[in-house]
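Engineer: Chains A and B are the protein sequences, given in the same order.
Using the working numbering, the first residue of the first sequence is number 1, and each one after it goes up by one.
Using the working numbering, the first residue of the second sequence is number 1, and each one after it goes up by one.
Hint data in this document are derived by calculation from the structure and do not stem from the laboratory.
Predicted, not measured: the structure shown is a model, and the values here were computed from it.
A hint or two may mislead.
Below, simulated DSBU-like cross-link-like pairs (lysine-lysine); rule was C-alpha separation at most 35 Å, straight line [as the list claims (entries may be wrong)]:
(1) B:K337 / A:K29
(2) A:K100 / B:K250
(3) B:K37 / A:K54
(4) A:K140 / A:K54
(5) B:K92 / A:K29
(6) B:K79 / A:K100
(7) B:K59 / A:K29
(8) A:K29 / B:K79
(9) B:K129 / B:K92
(10) B:K223 / B:K383
(11) A:K29 / B:K250
(12) B:K129 / B:K142
(13) A:K29 / B:K94
(14) B:K430 / A:K100
(15) A:K100 / B:K223
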Amino acid sequence: MPNLDGGHYFFTALLPIDNHGIIEHGPFKSSAVHMVRDALEALPTALQTPESEKIGIQSPFARSLRTHFVRIFVVDAPTYNGRDSIDTLLATAQGIDPLKAQAVDRLACPYLAFVAEFDPAGDGAEEPRSWLEELWRLAKPELCSVLQYCFQFDGDGDGAAFADFVIKGQIETTMPFNDYWTITPPLPNLAGVELIAPLIGAAALAALVSIASALGVIVHDHWPWPAGLGLGVFLLVVLGVAFIGAALFYDYNLINRRGAKPFPAAPNATLRHVLKALYLQQAFTRFAAAQQATSPAELRAAFASFAATVRPDDLAGPTQPAGVVRSHFAPEPLDA
Amino acid sequence: MRELDLADIQGGILRAYGRLGFPKGRYFFLTVHDGLKGRRFVEHLRPRITTAARWVDPKRGEPLLRTHHPKVTDAIREKGIDDYPGVVELVKPKVAINVAFSFLGLFALQVPTRTLRGMPDEFIDGMEKRAPMLGDTPWLDKRDAIWRRASQLQAQAQVHVLVSMNAEMDAAGAPVPELEAETQWLLGLCAASEGGVELLPGNGPSEAQYQDMSAVLRDDGGKLAPSNKEHFGLSDGFGDPVFVGQYGPKAEAIKRVGGGKLLPDQTWAPLATGEFLLGHPDEAQEIPDAGLPIEFSRNGTFMAYRKLHENVASFANYIKAQGETYARVMGMDDAAKAQATVSAKLVGRWDDGVPLLAAPDFDAWKAFQARLAAAQQAADKVKLAEIALEYVNFTYRLDPAGATCPVTSHLRRVNTRDMLDPHFGAKDPKSWMGSALNNRRRILRRGLPYGAVDPANPTDEGEHGIVFLAVCSSLFRQFEFLQQQWVQYGLDFNSGSDTCPIVGNHDENAKFVIAAEPSGEGAPFICERVPQFVEPRGGEYFFVPSMTALRMIGMGIVDPT
Chain A
1 MPNLDGGHYF FTALLPIDNH GIIEHGPFKS SAVHMVRDAL EALPTALQTP ESEKIGIQSP
61 FARSLRTHFV RIFVVDAPTY NGRDSIDTLL ATAQGIDPLK AQAVDRLACP YLAFVAEFDP
121 AGDGAEEPRS WLEELWRLAK PELCSVLQYC FQFDGDGDGA AFADFVIKGQ IETTMPFNDY
181 WTITPPLPNL AGVELIAPLI GAAALAALVS IASALGVIVH DHWPWPAGLG LGVFLLVVLG
241 VAFIGAALFY DYNLINRRGA KPFPAAPNAT LRHVLKALYL QQAFTRFAAA QQATSPAELR
301 AAFASFAATV RPDDLAGPTQ PAGVVRSHFA PEPLDA
Chain B
1 MRELDLADIQ GGILRAYGRL GFPKGRYFFL TVHDGLKGRR FVEHLRPRIT TAARWVDPKR
61 GEPLLRTHHP KVTDAIREKG IDDYPGVVEL VKPKVAINVA FSFLGLFALQ VPTRTLRGMP
121 DEFIDGMEKR APMLGDTPWL DKRDAIWRRA SQLQAQAQVH VLVSMNAEMD AAGAPVPELE
181 AETQWLLGLC AASEGGVELL PGNGPSEAQY QDMSAVLRDD GGKLAPSNKE HFGLSDGFGD
241 PVFVGQYGPK AEAIKRVGGG KLLPDQTWAP LATGEFLLGH PDEAQEIPDA GLPIEFSRNG
301 TFMAYRKLHE NVASFANYIK AQGETYARVM GMDDAAKAQA TVSAKLVGRW DDGVPLLAAP
361 DFDAWKAFQA RLAAAQQAAD KVKLAEIALE YVNFTYRLDP AGATCPVTSH LRRVNTRDML
421 DPHFGAKDPK SWMGSALNNR RRILRRGLPY GAVDPANPTD EGEHGIVFLA VCSSLFRQFE
481 FLQQQWVQYG LDFNSGSDTC PIVGNHDENA KFVIAAEPSG EGAPFICERV PQFVEPRGGE
541 YFFVPSMTAL RMIGMGIVDP T
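Could you build all of it, start to finish, from the sequences and the hints given here?
Structural biologist: Quick look at the structure:
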């Protein structure tokens with residue numbers, strides 16, 4: 001699957017950490033990777049739980065109104081699952097000595113995994129560069145605290161240099177996470193006939209050519225009919241295999257092409273849409289509660305006033321701020 | 001090969017403090033009454049913790065000439081090879097401070113359940129509960145008060161935290177003044193914890209606030225110097241395991257000989273890192289068990305703390321008596337010679353550490369000593385480097401019956417090298433398996449003697465012995481197996497229920513057999529009624545966290561999900 005999927009950009013980068021030397025930091029003398037972890041653990045998360053709400057310090061990534069999430073963590077070593085397992089008899093037959101240690105994969109250095117989902121600008125052709133530059137503008141001090149021990153990181157550079165640095169470590173996202181479709185999305189479809197038609201066509205073509213050739217040599221070139229029939233059968237086999245093979249190859253590519261089609265974007269699924277929707281849900285619940293047992297006329301007037309206040313179609317209008325678990329309303333928010 | 005993250009690993013694991021210029025020690029045991037205050041205490045302690053990062057020791061003497069016995073490490077330095085991995089960026093501290101936690105300590109500090117439940121059973125049990133298997137049951141009532149008080153699960157005086165301080169020594173043989181300063185700082189930190197953390201007294205008969213430790217000192221030309229002796233008068237600490245990452249590649253090539261594992265082709269290789277540090281593959285090509293997340297375990301390890309009292313008079317008297325009998329039976333004219341021989345047979349090394357495999361009899365030992373003295377006299381570093389290797393570079397292949405080094409001697413039990421190779425006696429070298437059955441039973445031995453003994457007037461009573469620390473990634477598989485199967489039992493050596501002649505439990509019929517060469521004329525000698533030489537005085541199992549895990553514990557952010 002591609003980086004750009006479901007209308008969102010799924011970004012993955014692995015940034016190597018220069019873990020040489022001792023870093024003196026206040027009273028500590030630590031390794032670089034230890035300092036990276038320290039910075040990561042001190043980085044505030046979004047205020048999305050009652051516990052973190054109490055802390056009240058917002059995640060720097062909530063400053064970006066197109067960032068759905070950012071997750072950063074350290075990868076010390078590849079996951080190790082022990083020896084490659086093999087059937088005992090097979091191992092004995094192959095002379096594999098179980099006492100002999102197998103090689104263990106190691107990383108040359110620890111890596112910082114930088115994973116994010118964000119709304120691409122325009123059609124996404126400028127991404128991830130434009131998003132990274134925005135991030136640099138909005139959260140440079142925090143990014144520096146985490147990335148300062150990465151190879152080739154320059155804390156004094158501009159947004160373009162930062163984007164260059166991170167993109168160098170980008171790898172393709174193969175497992176994006178989509179959660180914005182509330183109805184069945186228009187998934188790419190592949191009808192059976194689309195696959196069968198080329199096969200039938202190929203078979204028919206092979207048969208046609210074979211029959212024509214057989215008739216041609218018998219009628220036109222006066223071959224004895226058994227020889228002509230023999231040629232026909234021979235051609236049918238050869239061409240049948242070749243044409244049907246080509247058709248299968250075409251089908252295979254068709255399936256792959258169709259499968260590689262990006263998941264369609266859900267309607268109203270940018271972060272700003274989502275925030276607006278969350279705001280509306282909460283505001284409407286309060287409105288509904290306040291309007292219980294009112295007359296239809298009063299309700300109609302109140303709803304007009306409600307709609308005018310919350311401006312449902314206006315993303316720039318009242319909305320929920322990024323990075324919080326709920327909207328906070330003034331005591332009487334709808335009286336305006 | 002990627003280097004170990006030295007600044008993440010606590011000091012005292014890669015380095016043996018006692019042998020590296022820290023001959024003095026104080027071990028403090030604390031209990032945590034309040035999780036939050038306890039974590040605050042950990043956070044204050046954290047910046048003072050000594051790591052395995054490489055340092056320079058400005059006072060380190062000239063290689064091979066600086067110590068009484070030449071060391072392999074020095075042989076490496078003499079060649080201009082780094083004897084420690086990493087780059088020097090720090091100066092050696094005067095006092096090395098480290099910290100470890102018991103299972104109940106981690107629980108008191110509110111480490112999440114999911115992390116705790118990943119911990120191994122024996123660590124959760126603690127040393128007291130494992131007493132029947134370790135052979136400690138007869139000695140439980142003789143433990144120091146601190147361990148007896150901690151024994152109930154509901155006790156207010158459970159041992160939760162071990163803070164260790166290892167210090168340099170001044171010319172008068174006393175710890176450097178910085179040790180007392182750090183002690184006062186630690187006491188202040190406990191006092192400032194508002195009852196959150198309490199220092200537990202009860203070490204030794206005087207109820208001391210800490211376990212005091214010191215190397216046995218020797219007079220070195222009018223100056224006191226730390227020795228590698230313990231109170232029986234035996235030199236100790238030669239055969240420590242060598243594992244991947246502990247040294248640079250060049251130093252490793254030398255150190256692994258005799259210290260690593262013996263491969264089937266009879267060459268030596270370093271042991272897998274995971275035998276001694278959690279989170280790395282071990283000899284079975286598995287990651288050793290410990291708590292999640294992996295960052296909590298990685299670069300940490302487990303440690304058994306054991307205070308072992310030494311019955312010095314019993315040992316001296318027994319060696320004397322057996323020496324006399326041995327001289328009579330074997331037709332030896334010199335009782336001193338016979339005593340030294342009996343002692344060496346029990347231990348596997350002569351009292352200065354020369355292995356029996358390098359010097360099979362008294363005369364050979366004297367020749368070894370003469371060779372060493374001559375090389376030292378001539379400052380012949382090439383010779384000294386060769387001699388240094390002889391202390392560790394041997395196998396048991398040429399001594400299958402134990403006629404040179406008895407199969408049940410202390411040395412041969414605790415590090416069986418190639419002795420348990422199932423094809424030990426096979427003619428075809430291709431079937432040999434080296435030290436395969438020993439590779440998962442190795443421990444890093446750390447620790448120091450405690451108390452003092454007057455060699456002219458040795459007594460069993462009093463406060464003297466060894467604080468024995470066994471560092472390994474599985475206490476169950478390594479330390480406990482060693483203790484149960486190879487120290488307190490003898491079947492693996494075809495010796496029935498005979499226990500280790502030095503540190504094993506000895507009942508009234510305890511015996512030790514000095515074998516004779518089966519093809520020769522000589523008869524074996526049986527040392528009868530071996531008295532109890534060593535008695536445990538208490539101890540506990542501890543988790544030694546990495547600096548990363550220590551920060552997670554202190555900050556209260558262990559996230560096992």
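Engineer: A separate judgement is required for each hint: does it hold in the structure or not?
Structural biologist: Okay, the hints, checked on the actual structure:
no.: 1; hint: B:K337 / A:K29; result: violated, 53 Å
no.: 2; hint: A:K100 / B:K250; result: holds, 22 Å
no.: 3; hint: B:K37 / A:K54; result: holds, 21 Å
no.: 4; hint: A:K140 / A:K54; result: holds, 25 Å
no.: 5; hint: B:K92 / A:K29; result: holds, 13 Å
no.: 6; hint: B:K79 / A:K100; result: holds, 31 Å
no.: 7; hint: B:K59 / A:K29; result: holds, 22 Å
no.: 8; hint: A:K29 / B:K79; result: holds, 30 Å
no.: 9; hint: B:K129 / B:K92; result: violated, 39 Å
no.: 10; hint: B:K223 / B:K383; result: holds, 27 Å
no.: 11; hint: A:K29 / B:K250; result: holds, 27 Å
no.: 12; hint: B:K129 / B:K142; result: holds, 16 Å
no.: 13; hint: A:K29 / B:K94; result: holds, 16 Å
no.: 14; hint: B:K430 / A:K100; result: holds, 14 Å
no.: 15; hint: A:K100 / B:K223; result: violated, 51 Å
Comparing the model with each earlier hint shows violations of hints 1, 9 and 15; every other hint is respected.
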